[in-house]
Every structure is written in C-alpha cells, then in structure tokens.
Amino acid sequence: MSLVPERITLDTALKIINAMIRFAKDNQVFPGSYAVVDEGGHVVAFERRDIAPVSTADIAIDKAWTAATMKASGRMLEVITRGEAWRLNVKHKGRLTIIPGAIPIIAHGRIIGGIGHSGGSAEEDLKISQAGWTAIFREEDFKEEVEEKLSKARLIARTVMNIVEERNLKPVSIAVLDEWGGLLLLYRMDGAPYGTLELARDKAWTAAAFRNFSEDAAKFYSNHVNNANWNERVTLVPGGVPFSTEETFRGAIGISGNEPEIDKGVAVEALKRLAIKVQE
Amino acid sequence: MGELEVDVAIIGAGVAGLSIARELSRYSVNVVVIERNVDVAQEMTSNNMGLVCQGADSLTFRPGSLHAELNIKSIPLWPKFAEELGVPFKRVGGLGLICHKADYLRFLKMYSRAFKSSLKPNAPYYIPEGSFKPLQFLDRRSLKDLEPNINPRIQGALYDPNLAVIDPVLLARSLAENAKANGVELLFGNEVKTIERKDTYFLVNTNETTVRASFVVNAAGINAESIAEMVGARNFSYVPVKGILTDFDEETSEVFSHQAFYLPRLGDPHIRAVVPIVYGGLRVGIHLDFVLRSDKNIPLQGLEHNLKVVKEVIPDYPFEKHVKRTFYGIMPLTNAEVGWHDFIVDIPEYVPKWVNVILGPAGVSSAPMLGKKVAELLMTSGLYLTPRTDFNPIVERGVKP
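Chains X and L, in that order, are what the protein sequence lines are.
Position one of the first sequence corresponds to residue 1 (the working numbering), numbered consecutively onward.
Position one of the second sequence corresponds to residue 1001 (the working numbering), numbered consecutively onward.
One thing to keep in mind: the hints can contain errors.
[What the hints assert, rightly or not] Straight line, CA to CA, 25 angstroms or less: simulated DSS-like cross-link-like pairs of lysine-lysine:
(1) K1144/L to K1308/L
(2) K1133/L to K1090/L
(3) K1080/L to K25/X
(4) K1321/L to K1101/L
(5) K1133/L to K1109/L
(6) K1321/L to K1308/L
(7) K1133/L to K25/X
(8) K1321/L to K25/X
(9) K1324/L to K1198/L
(10) K1372/L to K1080/L
(11) K1080/L to K1101/L
(12) K1133/L to K143/X
None of these hints come from the bench; they were simulated from the model.
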C-alpha cells in the first residue's frame, strides 16, 4: 500500500503550502503567494503571505491552473512553445500563465493537481514549487509559523471548518480578504463543489468593498437596481461578512456551500468565537 | 559522549561520500565520515544497475549539465581508478536496441550530438584519444553474430564497446579501506540527530558523539533533504524514485553477455534494460515508481515488468526458472516534473562551508570526478588543502573499519 496521496485533499494541499513556505524561508525568498489546485485546475488551498504583492495571488492561482490543465510544467511549456507562449493567451481570457513556477503534481503515474508560486524570480518560483510537490513524498508533517495577517486568516478558516463539522453542514469554501480586497486565503473543504470557490471569494469581496454584509451592499444603489451589474464581482448574497479589530476595518470573510443564511450564520459565529468584531 | 574536532565531516558512507573522503585523504586535512548504518554502501549504492557509463550513455546526457560534466570527465579516469582500488572493471559493451526506423533516427541524433559535445578537441569536455572507442551501428546480421540469442525482431543496434560494469559495493568498500589507510576516520552506527551552525564551525550531534567540523559535506543520499534542513541549507528538491530490479542466476550469462536497452516509449515511464552482473548473471529492470522514502514494499508488477523486458530481448529462454532475487533501490530524481535529472554538487547561498551532494542515477559512474569537484568547491570556500607526500593510492585489503 502506498501512502502517496491519490488525490489532492485540503490536508495534502496545506502540507504542500507549508513545505513551500519552509523552503522560501530557508532560501530567503521574498514572501509570495502559494496555490494548490486539483486535477481540474480548481483551487483546493491558496495562501498569500503578508507584504506579498496583492497581484501575485491571481498569478499563483493561474500558474497552478495552467500546470494542472496543460498537464505540463511552465518550464516545459516554455520550451515546447519556443518562448512564443503569449500567442496562446487569446484563449482562456489570458489565464494561461506559462512561466516557471507552475508545476503539475505527479503521483501514481498521473497528474493529480497543480502547484503555483508567484513572488520570486523565475528560478526561485520553480524551486519553491518543486519543494511543494516533493513534500507529498515525505512522512513528516510541515507546520510553519506565518506572519500576523495570514495566521489570523488561518485561525478564522480553521474555526469555520470546526463549526461546519460540529453542525453537520455541507462542506464549504472559505475566502479571507484583507482590507484592500486582496485575497489572503482561500480553502475548499473536501467535497465542496468548485462553484463555491468564486462565490465565496466574491461574497467576501463585496463585503470588503462596501464594508457591509454582502447582501446589504444593495442599499448603496437601492434605486438603481439595473446598475447592480456595474461590476461582475458584486454578489448580493448573504455569506460575506466584514470584520474589524481595535476599531479598524481589517477585511472580510466569505463562505459558500450551504444556503446563504446558514453560511452567514457560520461566518458570524466564527468571528464571535475568536472575539473579532463584525464591522457594522 | 565524546567530542571530535575535524576539518571536514562527510555525512553518508555511500559511494559519493567515500569517493570524496578518499580524494580528501590526498591532502593533509582531518576528515571523518559519519554513517548511520553499521557498514558502508547499505542504501543507494548497493541497489542499482552496477553500470559505469563510459560511452553512449554519458554522451547522451544533456550537454551543459553537471550530470554530463562529471560523467564525461570521469571516463578517462576510470581504468586507473578501478585498478588502484582493486575493483573488477569489466567492459561488457552496450547495445542500444533498434526496433523501428524512428529508433534509428533517435540514436543517430544522439550519436551526432555526442560527437559535437565531447569528441572534438575543442569541445567543452574533451575526451582524450585512446580512452574511448568509437560507437558503431550494427545491422541485424552482425547483431546476431554478437548475440545469437537476441530477439530476431530487433532490426539492429547502436553498439558501444566502452560500457563497463562494476560492483558498486566493492568499490565503496575499497574506497573506505583506502581512505582509512590514509587517515580518514569512519564512524559507523552514528545517526545524525541535529546539527548546530555556529560562527565558524558546525556541531554535528549523532546518537553517540558530537563532531565539531569546519566544513560539512552532505552526501546522505535519499536523506540529504532532512540533513540539509537541519541548518537551513536545503536549496534543492528531489522526488524519491523506487526502482525494482531482478537478478537472474549465473547460468543466464551464457545466453547474453552485453548490456542492452530500449529507448523509452511514450506513456511508459519504466526503463527497459538488461545488464550483465560483474560476477555472472543478468540484472534486469527497472520498474519505476514515485514513493515515500520509507516505502519498503515490492509490488508484483515490478517482477512482471522485469520478466517481460528480459523476454522482449531474449525470447526463447525460461527466465522464470532462473530468478535469483528481486530487490528495490530508492534514488533521488531532481527536476522530475520535466525529466531533466541533474546532479547537485554545490554550496548553498546562505550556508557557506556546507556542500550538498545529490547524485541519483549515474552516480557511481561519476565517482572519480566527484571527489575532485568537491575538493575544488571546498578549496574555493576556504579549506586549505596541501598535498600529502605519503598518500598511498593502492588499496590494501583487510583494513578494519
């Protein structure tokens, strides 16, 4: 019996991310974004460390998506497209990211997912992604201390998952955003459909952008309902909750997976347990 | 708990660690080799093909990689190296089997690239005249003359008369004995637990003793990752690959006497090669799998694959009756996601006085050059090496470890 994972679960993805952070610290690479996706290219876990540029978040996710769906590493794709990979970018709304640092997760002779890192140089990105992949062949568990904002986000996500398990709810996706709407953390619990990922993220974005519960953002343009489509990210569905500490707005969480009101209840309960104030 | 003070501590008594130790014993430095097992060559060194890449193999490695550099520079050194160490070095010759026209074209490409990269005098790794016999293409008839029992469906072969086989365990033992005779200390049964990095030295704590070393060479094979992580010197990653090999008994030497391999097929990651063992018999493999480092399981598919391979090469022989043993070896593979394996022999950027050595496939073949490379690296990072006058390169048997 082999203990190498057959598919990417949340635990495996978190082990990979922790191994990548460990490697980045050892080699003194600037903090970046770390993404792990499953076979279909959908995020299982994503984390962005404090002070990492906000835009590295989507680059890391898209690198992982590219590796998983093209079933090849960025370095290989660069070679086989002879450096002309940008030509492919008329497809997939420019999502293909053919840069070193995108590698497929190979186990049991097939590709079970993808890893993306963004934030270092091409060589650093590649080495960090490789460190993440090779972690699935190691017995030891990786637990890495991270900076303040991300560790708080991890705590919130862990609490949300505990509540979901306690209440026997359906598995959910959790997004935590910082005060600027930049993605800090995105987890998808095992069994949660991948459609919940974008929903959770957009709920959190709506809550962060309007500093209100996501459904209450409607009041900003109550008489102009037609304008509700001004931004495709606005999601007026309960489940996005903004929070603050020490009277300062700190960010928002978004949860998706159950009925919207239940999702909202879980988010509010998690913040209450951690004694974090809901932004009013 | 004793304390030992040395210039260089080498972690790992495999062929890598011992060839470095033996090379350093040419100079007046204190060297200690730390090994967790009770004998040399217990892990990667003892479980491999036993090949010494001498011609076609070395020349087909990616030009410019360390993998190619160390192996090609080792070619002219091997005969003397083996003779000094008293290790049988048998040139069996290799056959790259051609089944289709496409195979022929691929071999032709490799062959011409080999000449471009190494056999012209202005090539980066020039191989001196006389240490290398030219390769040649054999047609079906001359292949039949060379190997009468070979599968008649094979159309021809690229013949490499240089390829040799060796016993890597005996090589490691001789290296250890020679190094010991020249003043290197060997600590067996010492598993490294922690390593502390001080200002100008490292404290290597094992389960039995503490070694205070100015320089550390990490040649721990498949465990190099964990050793390097102890001081934050890990700047590499590798995937543990389990290869399953099967040995056939001495009678099989009569039916086949050359090394033979097929080119890899698309969608088939396993290696298909038959290699004569230096003491007689055939070794066939390799069924490959990415595994955990502690995986000791030998799946049945391994033996099935190996039997299938040997029957593809030599169809009319009851190999089932001649199986001697099936065993596994785990080797590190770097850049495995693209398949461009390369050696790692370097000093990490943030931990000076520390050398990481990761070899993997074709590691034994690079042994003569590896020591020189590491000595050079240690010298550039500040180790003062003065040659000793009383160095004896000839191995004497029976030195106690």
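**Asked** K1321/L and K1308/L: Cα distance at most 25 angstroms?
**Response** Given that 25 angstroms is the threshold and the Cα spacing comes to 14 angstroms, the pair holds.
**Request:** For the pair we were handed, K1321/L and K1101/L, check the Cα-Cα distance against 25 angstroms.
**Result:** Answer violated: K1321/L to K1101/L is near 34 angstroms, above 25 angstroms.
**Item:** Pairwise hint evaluation, K25/X against K1321/L, where the allowed Cα distance is 25 angstroms at most
**Value:** violated, 55 angstroms
**Item:** Pair hint K1133/L and K25/X, alpha-carbon separation not exceeding 25 angstroms
**Value:** violated, 49 angstroms
**Request:** Take a quick look at whether K1133/L and K143/X sit within 25 angstroms of each other, Cα to Cα.
**Result:** Roughly 55 angstroms separates the two Cα atoms, so the pair is violated.
**Asked** Taking only the CA atoms, is the gap from K1080/L to K25/X under or equal to 25 angstroms?
**Response** violated, 45 angstroms
**Asked** Going straight from one Cα to the other, do K1144/L and K1308/L come out at no more than 25 angstroms?
**Response** Holds, at about 21 angstroms.
**Asked** Given the proposed pairing of K1133/L with K1090/L, does the C-alpha separation stay at or below 25 angstroms?
**Response** Holds: K1133/L and K1090/L sit about 15 angstroms apart, inside 25 angstroms.
**Asked** Does the structure keep K1324/L and K1198/L at a Cα separation of 25 angstroms or less?
**Response** violated, 50 angstroms
**Prompt:** Given the hint that K1133/L pairs with K1109/L, does the C-alpha gap stay at or below 25 angstroms?
**Reply:** holds, 19 angstroms
**Prompt:** Within 25 angstroms, alpha carbon to alpha carbon, are K1372/L and K1080/L?
**Reply:** holds, 15 angstroms
**Message:** Between the alpha carbons of K1080/L and K1101/L, is the straight-line distance 25 angstroms or under?
**Reply:** Roughly 39 angstroms separates the two Cα atoms, so the pair is violated.
Comparing the model with each numbered hint stated earlier shows that hints 3, 4, 7, 8, 9, 11 and 12 do not hold.
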